[in-house]
Every structure is written in C-alpha cells, then in structure tokens.
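*Asks:* In case you want the letters, here they are:
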Amino acid sequence: MHIHRLEKIWIGFGLAMLLIFLLLTGVAAFAMGISPPSSSSHENMHHGKVDPTKLQTTAPFDKPGLKQIGDNEYEAVLIAYAFGYNPDTIDIPHGAKVHFIVTSSDVVHGFEIPGTNVNFMAEPGEVTELTHTFDKAGQFLVLCNEYCGTGHEMMKMTINVK
Amino acid sequence: MISTSSITAGKPFHENDGQLVLAHVLFAFAALLLGGIAGLLQAMVRGGTITLPHGIGYYQLLTAHGVLMALIFTTYFIIGFLYGGVAKTTGRLLPTTLALGWTGFLLMSMGTAVGTVFILLNKATVLYTFYAPMKASPYFYVALALVVVGSWLSGYGIFYQYNYWRKTHPGERSPLFSFMSVVTMLLWQVATLGVAAEVLIQLIPWSFGWVDTINVLLSRTLFWYFGHPLVYFWLLPAYICWYVVIPKVIGGRIYSDALARLSFLLLFVFSIPVGFHHQLMEPGISQFWKFLQVALTLMVVVPSLMTAFSLFATFELAGRAKGVRGVFGWLKVLPWNDVRFFAPFMGMLIFIPAGAGGVINASYQLDEVVHNTLWITGHFHLTVATSVALTFFGIAYWLIPAVTNRRLTPRLNKLGLWQTWIWVIGMFFMSGSMHTVGLLGAPRRTAYTTYGDNAQASGWIPYEVVMAIGGMILFVGVLLMIYNIYALLQAPAGYEEFPIGEELDGAEPTPKLFERWGVWLGISVVLIFVAYTIPVVEMIQTGVGSPGYKTW
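Residue numbers (our numbering), protein chains in the order written: chain X, 2 to 163; chain U, 508 to 1059.
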C-alpha cells in the first residue's frame, strides 16, 4: 500500500511527538516518582484494602486524624462519608510533608484541594495514599468531586496550614 | 445541495428500509429534546439562577440529561444512520436484517422507557455512570441491560447484511460505508461486554438482594472498559460522515479508501485496552498498568492524524480540481452555505481543541489537575456534544428527506446554518467557562454551592453564570433543531441524495488483509488481555465487598 510522502512525514512527526511525550511522562513517573495517587502501602493494610463495614475497629481508621511520624512529617488518616470527612478540620504546620491515607465508609467520594495538585478518589474497600507538602500557609478547602448523593455539594473539610 | 440533488431525480429509498431508519432518528431527537430540557434546568440551577420546585432534584435532572443525551440520543441516531448507509451501499435490507433491526429497536425502547420512569421516580439518581455502591432500583439496571442487548441485535443485523453482500460479491471490495459500519458495531460488541458483565453479574444480583456486597473497584473497571470505547462508538459514525459523505457533498473524491479503512481498524484496536486512563486517580491499580494503558490510549494519535490528513487532502484536491490556486485558495470554494457540509465542518474544526484537551486528560500526572473538575465536562461537551452532535445534525438534514423521499428546501438549509451557529456560540460560552473554572478547581456533577461562603468557591460562581447563559443559547439550538426535524418531515416530496463519495482515480488498491476480521479481532483481544488480565485478577482476588447505599 502506497502512502503519500507528505502523509508519511505527518504521521512520522506525530509518532515522534508521541514517543517524546511518553518518554517524558515515563521518566517523571518511574525515575522521579511523580505519579498519580495509588493504593496505600501503610503497614496495617493488606494490599491497600480494608473492610468498609469495620473501619471503627480497623487501624489506622479507628483513630482518624493527624499523627506526626517524623521531622515535620505527618500522616493524615481520614474517612470520607456521605456527606463529610472525619475529622472535618485538621491543622498542619507550615512546610509539613503530609501523607494522606483515605478511605470511604459508604459510597465513592472525591478528595480535592482546589489550587493544589491534591485530587484523588476515596473508595469503600480501598485505601488511597498521596503525599503533599504544604509550602503555603492559609486555610484550604477540601471538597468532594465525585457525586455521592443529595448532599454532595455540601461535602467539605478544612485544612489550616499555620 | 438543493441545486444538484433535487433536480437529478434518483432511485427512491425503499419504504421498509426508510421506516426503520426514520424510527431510530426520530427517537434520537425526542431524547435530545427531553435531555435538552434537563440540561437547561441544570445549567440554571448551577448558575444560581433558579431553584427547582420541591420534588425535583438537581442530580435527578443530571441523571436524565446524561442518560438521554450520551446513551440514548447517540445510540439511536448511530443505528439509524448506519442502517441507512448499509441499505444505500449494499442494496435493500434483507428480511433478516430488518427483523433484527426492529427487534433491537423494540428492546432498546422498552429499556429506555423503563429506565426513564425509574429516573423520574427518583429511584435511580445514580448518574449515567451508575457507580456502585450507590444502589439504584434493580429495574433501572434491567432497563440498561435491555438497551445493551437491543443494540447487540441491531449490530447483528448489520453483520448479517454485510456477510450476505460479501458472499454474493466474491472477490470484491466491500463498500466503504458498510465496512466502517461493521467496524463501529464490532467495537460496540467488544466494548459492551464490560458493561454487560458489570450489570448482569454484579449489579442486578446485588440490587435484587441475591448477594450482599459488591466489588466496587471491579465494577468501576468493567464500566470504564466500556466507557472509553463508548466515546469512539460516538465518534466513528461522525468519521463515516467525514470520510464518506463529505467528499461527495463538496464535489470531491475520497482521498484513499485503504487509509480510511486502516484508520478505522487502528481506532478499533486502540479504543478498548485503555479504560484505566479514567481511573488514574484511584487506588487499587498499580502505576505500571495505569501507565501502560496511558501509552495505548495515546496511540490514537496515529489514526487521528491520518484522518486529519485525509480530510484536508480531500478539501484541497476538490478545490484544485475546480481550478483554484494559492496555498489556501481551496478554502474559498468549499460550500459554506450548504448545511450538509457546514455543520459537520464546524464539528471537525472543534475537534482540534477537543482532541488536544483529551490528550491533556490522558496525560497521567496532568490528570491530577483536571480530574473530576468541570474541565472534564467542558471537554466532552466539545467532543460528543459538538463535534459528534453537529455532525449528526448535519446528517439529519439530508438523511430524513432521503429515507422519506422528500427534499431539503433552501429555507430549511438556511435554518440549519442558523442552528449550527447558535450551537457553536452557545458551546463557546458554556464549554469555554467550564474549561476555565475547571482549571480553577470547580468540581463537576455538583449542584449550586459556595461551600459555606468559601471565598475560593464563591469566585467560581460568575463562570457558572456564563455556563448557564451558554446553556440557554444551546437550548434555543435544541428547540430550533426539533423544529427543523418537524419541518423536514413536512418537506415537499421529491428526491434527496444520500451522498456516498467515490475514491480518487488512481488510488492504491486496498489490501485484502483489511477485511480479514479474525486478524483484527485477534489483535484487539490480545491487547485487551495484556492490558487487563493481571490487574483484574488481582482485583478479584484481593477485593473487599461493599454493601449498597441509597444516598439520594
């Protein structure tokens, strides 16, 4: 099958762009560790799974909240539910590195901090983990960005960075 | 347009075939009207313009809008258009083809009716993605199953007709339109296996209470195995119009039959093993599998660039054949005043930014910025609600008269041009502000809210007001389109051409390999197994069940 010379150049250009693009995102992901969130590798979690009906008796979700684990490094264990987060406010020291460890006790929820790159899903049975460093002080809104029922538009929590 | 098609009378469209096409197309536009009303109300609620009377919920309207527009309008129009083109290019529809087509229509319509009733009763306010563990009435899922099974039968009708044609024309190359219809329906059969498995194996037994819990991650994965090829199912029929119909409308030729077929086969192969790019922000799927599917997703660049090349080559060659000179002189001789060209052309044009937006969404890390924000809603209102919808509108202006043996009048042509402009302007405001406010972080699928007078969220409201204004302009566009459909049914009797392009003289022959379906289906299956087997087995082995909830 004959392909016109200009079309070969055009498709070759497209393929080259694609390769460069995949190379850049691939290096960022696998060499520099810049990846979207995934399952938590927390010590208590089996394959990052948890029984959504037994959160109250399963560590670390039996004691949700902020826990210091290192020098200005914290774990934020949070439970999303219809229609809020437990706890609904956390105070984080300025410049702290925070590992969010989040699950849902009912339906699927979102966890988004507008103005940052923090944006992931909270699902029953699954535990999501994402690390973010809070370089800016101020009050941050966390909102649910996955439809979860009648009160979805009210679902939020607050993060104070001081 | 009118000058050529109504004067040269041709063979009338057979009544039995025409009725099947017309039934699908009219059902599609009825869904567009209902979905449009829901869309208008939604846009106004979100912009803070109106408050719904007690008893109607924002999310109920959102469910109706999504189901009627994304699932019903598209599927019915596509099946009607494909049956029309198959009848046109392979001869009259066979009795078996017609029987399959009508049975499919009846099953899908029963499903649509039952599903709509349960949405209106507020028993299925789960949006058109129906993510578990939100648990709708089991009859909503049964309704979905009816729509899917019905569409399978419609697909079998097209396969049957195509096979018959090939058997009676040994050694001949099949008509391009029919070939593309078969690819579209084959993609649909493979893609809907995911949603069928989700509905039949997981959702129906769970919602009836036969099992207590559901594997949420698995259900989402099965949904998105279907959800991404769904968008290609919308797109391929628009591509059929661009590749096969438009060359004839502009008085040109199809640039290359072989390359057109190859691009369809590549779209088929690379459309399915890619669903994880909708799940980049969720747990339970490891980075490696997410990245692999991102790479497979972006392979779509190849057939997309091939399509862009072919279309513009057709435009330029048509202009050159008319003796036009200069680098861009051919642009001037395109039939801008012919709605059969203008509406799909605006669709093509808007597909350029729409496609670029899609690349951003699939870009792994970048998705973290836009995931589940209004940017995504803005994106698919450009792709399906503009590129695809405007192409379908452009088809309706000749398809309805062609299958009812009437003709497109100059007045209706002019109204069609107006309709196209209204749509483009409305979408500019609506999708433009959705994209912008999405980048600022405003979530999709959310009723009017300022999150308790939060300053950041309050700053999004002006954009949402612009969205509502765009929505109102689009609703005027829906009403004008519905009037145009009504007027097409009243148009004077006559002959309207069903435009089917012919290939450029001296084009290379099409390789026989392109019609060896086992090869292409085999490649597709191998890619699906590579991309999905390990992560899905892991989900099944380690998944923890969740009970159902009704949170609305």
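Derived by calculation from the structure, the hints in this document are not laboratory data. It should be emphasised that the depicted structure is a prediction, and the values quoted were computed from it without experimental measurement. A portion of the hints provided could be inaccurate.
Example chain X residues on the side facing chain U (calculated, C-beta under 10 Å, incomplete) [to be verified]:
no.	residue
1	H3
2	F14
3	A32
4	D52
5	A60
6	V109
7	T151
8	M155
9	T159
Partial selection, computed: residues in chain U whose CB lies under 10 Å from chain X [to be verified]:
no.	residue
10	L559
11	I563
12	G564
13	Y638
14	L766
15	Q786
16	P790
17	V808
18	S811
19	A820
20	V876
21	A949
22	T953
23	Y958
24	K1057
We put the beta carbon where it would ideally sit given N, CA and C, even for glycine.
*Asks:* Looking back at the numbered hints, which does the structure fail to meet, lowest number first?
*Replies:* 3, 5, 10, 11
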